[in-house]
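Trainee: Chains as they are written, first to last, in my numbering: chain G, 1 to 106; chain R, 1 to 225; chain F, 1 to 236.
Calculated from the structure, these hints are not laboratory results.
Since we're looking at a predicted model, the values are computed, not measured.
Hints should not be assumed to be uniformly reliable.
[Stated by the list, open to error] Simulated coverage check for chain F against chain R, where a stretch passes if three residues somewhere in it have a Cβ under 8 angstroms from a Cβ of chain R:
no.: 1; segment: 44-50
no.: 2; segment: 132-143
no.: 3; segment: 158-170
[To be verified] Dumping the calculated DSS-like pairs for lysine-lysine here, alpha-carbon to alpha-carbon at most 30 angstroms:
no.: 4; chain 1: F; residue 1: Lys192; chain 2: G; residue 2: Lys93
no.: 5; chain 1: R; residue 1: Lys14; chain 2: R; residue 2: Lys3
no.: 6; chain 1: F; residue 1: Lys192; chain 2: F; residue 2: Lys113
no.: 7; chain 1: F; residue 1: Lys139; chain 2: F; residue 2: Lys192
no.: 8; chain 1: G; residue 1: Lys93; chain 2: F; residue 2: Lys84
no.: 9; chain 1: F; residue 1: Lys84; chain 2: F; residue 2: Lys192
no.: 10; chain 1: R; residue 1: Lys20; chain 2: R; residue 2: Lys3
no.: 11; chain 1: G; residue 1: Lys104; chain 2: G; residue 2: Lys93
no.: 12; chain 1: G; residue 1: Lys101; chain 2: F; residue 2: Lys84
Positions of the beta carbon are idealized from the N, C-alpha and C atoms, including for glycine.
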Amino acid sequence: MNTMHHARALVLSIFLAAPVLAEAQTSTTTPAVAPSAPAKPALPPGFEPVPGGAARAESVDANVLVVAAYAAFFLGMFGFVIHVARRQAALSKDIEELSRKLEKRS
Amino acid sequence: MIKDALRIAEKDLKLEGRSKEILLTMGFFGFLAVLTLAFAFRRGDAPVASVASGSLWVAIAFSGTLGLGRAFERERENDSIRALLLSPVPRTSIYLGKAIGIVTFMFVVELVVVPAVLLFFTIPMGVEKIAWLTLLCVLGTLGYALVGTLLAASLIRSGARDVLLAVVLYPIIIPVIIAGAMGTNAIFEPQIAHADLGTWLRVLGAFDVVMLVTSLWIFEALILD
Amino acid sequence: MTPGAFDEKGPLGFPPVLAVLCAITGLMFCYSLHLAFYVAPVEAQMGFVQKIFYFHVPSAWVLFLSVGVAAVGSVGFLSTRGAKWDRLGNAGTELAIVFGALVLFSGPLWGRKAWGAYWVWDVRLTSSLVLVLTMVASKIVRGYAGGSAKQIAAGLAIFAVINSVFVYYSVDIWRGTHPPKVMGDLDPLMKKALWTSVFTFLLAYVCLLWMRLRLGRLEAAVDHLHMQATEAGLHD
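Just chain G, with the same shape it has in the complex:
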């Protein structure tokens, strides 16, 4: 019984592996018709300063940065208030429910 299992497994794996091996065979025997490789990019310059650094500093609008910063401040603080208020409401509900249950018990 066990040997039948093993034999079946073996046949199945050969069946599955065959096309993969065949593929590998053909790809090694066909002459390499490699598409023209893209030009190798230059190695990144590491920590060298970005050329035209000053010009780059002007490409982002100051107004956007200021608005984003101030928006973040208000969103952050309001967000915290809302988070606290919501959590508080949920906890108050919990307290009411638990107190009710304990009252009923006693």
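The hints should help you fit chains R and F onto chain G, whose structure is shown.
Mentor: Quick look at chains R and F alone, frame taken from chain G:
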């Protein structure tokens, strides 16, 4: 207090001497870390020499975390920490004893990691440089181990202690990494930059002293239960 | 929890005094904005982007204040094991993270124009980053470290304070030449705008801390009730 601490350290070291589990795994991992970094930072056909100092301290930090985790895991497995706490040994001695053990493990690992860095990053060395590097490693490792022992001990009963140790340890030992790497930079220069090196050695020394005092106080409070 | 002007539920479930304080803070924010944008002159070198300064700097000071509050709570908790100290430490940690995030967001936005890049390892931003990271670690520990979480978090907060000195000093030496400090000589109108903002942020901090402490007390009350319920056999 020191005698008790030394006895505790002796126990840890004897135990490790028999199995050598922590030393072998830490040491091997440290070596692998250096190798990985040497592969990762390449320019052309050789690793970039300028990242050698940083790589050294990253490898020390990572293998140190491994060792800390494993050392306290062992304590937890045997529940020996409770026995220690119940004994009349003062808490501070327990802390110092464990810290001495950790420092020793890390020194042994550095005996592997430092040559690996020198080899793979092709750093020329001399006797004077090795002496200064040793001093730098001693001070840096002390700082790392003092903080690490405290945090690892406090997490001993926590569920997610492996990942939590890294989470809490790394922000605190950033000064050690900065000072260690910058000091090592000064040593790896063709001519040792003594002024810079002195500054960083002093920073590490101050860090060690302050962290020792702070940890001694906090350990009492943390391991009260 | 005895109700009173400080505890009675008012609008949004906050006590009347707190609600009034929040309203005043809101008005102060409007005034600060007015001063910052319409009264204070535009800075000569950096231009309009320098306006971020009027909220960024007070935020940073509130961050340090909050870390101090967290440290006080932590020392108190480690010394006395009193729950209210732990609540103070927790509230301080959370608010430090909130204001820290605001500092670390607005700083790079300002830096983008002032220094040409979002992150230039400025001493103060870098040490603030490490400080906030330690606070985040403390919060993570509270959530996942199990039994001794509160003590570890408290220890971390204390380490954070000490560590920030070392990080600041280390980065300062390391940086050598870094972007010049900005607070040199301020135009009197700019000073007025800045100090008004500082006062506003302090008011805001008091409100937020108060809210968070109330929430902490509620959480403790719920935990207590849950324990009672379990003892009474109500939870299975």
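Trainee: Take the hints in turn and mark each one as holding or not.
Mentor: Right, here's what the structure says about each hint:
no.	hint	in the structure
1	44-50	violated (count 0)
2	132-143	holds (count 6)
3	158-170	holds (count 9)
4	F:Lys192 <-> G:Lys93	violated (45 angstroms)
5	R:Lys14 <-> R:Lys3	holds (16 angstroms)
6	F:Lys192 <-> F:Lys113	holds (24 angstroms)
7	F:Lys139 <-> F:Lys192	violated (36 angstroms)
8	G:Lys93 <-> F:Lys84	holds (23 angstroms)
9	F:Lys84 <-> F:Lys192	violated (37 angstroms)
10	R:Lys20 <-> R:Lys3	holds (24 angstroms)
11	G:Lys104 <-> G:Lys93	holds (17 angstroms)
12	G:Lys101 <-> F:Lys84	holds (27 angstroms)
Taken one by one, the earlier hints fail for this structure at numbers 1, 4, 7, 9, listed in ascending order.
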